[in-house]
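Mapping to the working numbering: the sequence shown position 175 is 175, numbers consecutive.
Hints are computed from structural coordinates only; laboratory data are not their basis.
Don't be surprised by glycine CBs; every beta carbon is placed ideally from N, CA and C.
Do not rely on the hints blindly, as some may be mistaken.
[Unchecked claim] Pairs of lysine to any residue residues, derived as SDA-like cross-links and limited to a Cα-Cα distance of at most 25 Å, are as follows:
1. K208 x L240
2. K141 x S122
3. K166 x Y59
4. K248 x K141
5. K17 x D351
6. K141 x F170
7. K201 x H229
8. K44 x Y59
9. K118 x K166
10. K314 x L353
11. K44 x K208
[To be verified] Per label pair, the in silico range of CB-to-CB distance:
12. N29 x F67: 24 to 32 Å
13. H24 x L102: 37 to 45 Å
14. T48 x Q131: 33 to 41 Å
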Amino acid sequence: MSKLVLLQTVATDYRKKLFDTLEHNLKDNFILFAGEYYFEKSVKTDNTISYLHKIKNVYFLNRKFLFQFGMWRESLKTENLIIEMNPRILSNWVLLLLRKVLGKRTILWGHAWPRNGKNSRSDQVRQKMRQLGDVIITYTKTQAIELQEKMPNKKIIFAPNSLYYKDEMFVAANNSIDDIIYVGRLTTLKKPKLLIEAYSKVINKLPKSANLIIVGDGEEFDTLKHLIHTRGLEKKVQLLGHIGDYDKLEKLYRKSLFSVSPGYVGLSITQSFSFGVPMLISKDENHSPEIEAAKINENSVFFETDNVENLAKKILTFYENKNSWIKKRKEISRQCQENYSIESMAKTFLDIL
1 MSKLVLLQTV ATDYRKKLFD TLEHNLKDNF ILFAGEYYFE KSVKTDNTIS YLHKIKNVYF
61 LNRKFLFQFG MWRESLKTEN LIIEMNPRIL SNWVLLLLRK VLGKRTILWG HAWPRNGKNS
121 RSDQVRQKMR QLGDVIITYT KTQAIELQEK MPNKKIIFAP NSLYYKDEMF VAANNSIDDI
181 IYVGRLTTLK KPKLLIEAYS KVINKLPKSA NLIIVGDGEE FDTLKHLIHT RGLEKKVQLL
241 GHIGDYDKLE KLYRKSLFSV SPGYVGLSIT QSFSFGVPML ISKDENHSPE IEAAKINENS
301 VFFETDNVEN LAKKILTFYE NKNSWIKKRK EISRQCQENY SIESMAKTFL DIL
């Protein structure tokens, strides 16, 4: 069996199930390299991954660029190397060039387009990186199709960006389904502050049991804590920090009527849908590719970007249509199970060997 070396900036807890599946199938033929911290310091490696080979991440120019050390021998020797499709990781450029000279296959994995979109200037740099890769794995089918149009002669496949196994996606019975939940990084781009502002405007119109649950960590944590205090919302808004434990997250989603993405959508959209929980989404953002999972009025509703009044209004509509949304939960979960599972994601990686 061919050996697979996977090089990551960090090996986060939400990727552990994918890594576990690859390690289970490939055993000694799977090597995982990762450093301790991501570009954003709040994103870090899960140190419970026993088979992980720790390497050194060296950031410079205010953490805008990265060079990695400690993986060179295996990364140059292996026939199959998967690296992140991120032009800011300068050591990946070196690996691409050296492996091209050595005639070894290098697979790029990640977002097809930069954060500012396919027409941004930075995509010219990303295109150079894509051209050096032998195979490209995107996070979604939509991005694979789009990129194939741009690069018709390149092998492009997709591994649906997933968090859970199929049997972990289900709708649990619960007597109280009134909470609002946000799961994600606490950064200005994610705009959790906007959600707190909107919630405070309608709190007196909501059921008394409707709490706002905020799960995540990041640069805005202290700012949000202060805002919650100044608004007198300590008993209604729970700022829980990062939670990676599946059981704890499932219990939080079980009590939530809907989730909210006040800024751009990320992987939390499929997490929410896994448990049958619909999402309220900011309309005009540079969303991550997982936005393809959103279907208006089937599993999601959109609000006017940066409009706190409109967000507040849409929050109320979820409670006005509460029974209808609860009836949709099983179908929301079923569709997510069908399209975004760890099994499907891992199959893409295993099939390329």
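Tell me, in ascending order, the numbers of any earlier hints that this structure violates. Result: hints 3, 4, 9, 10, 11, 13 break, sorted rising.
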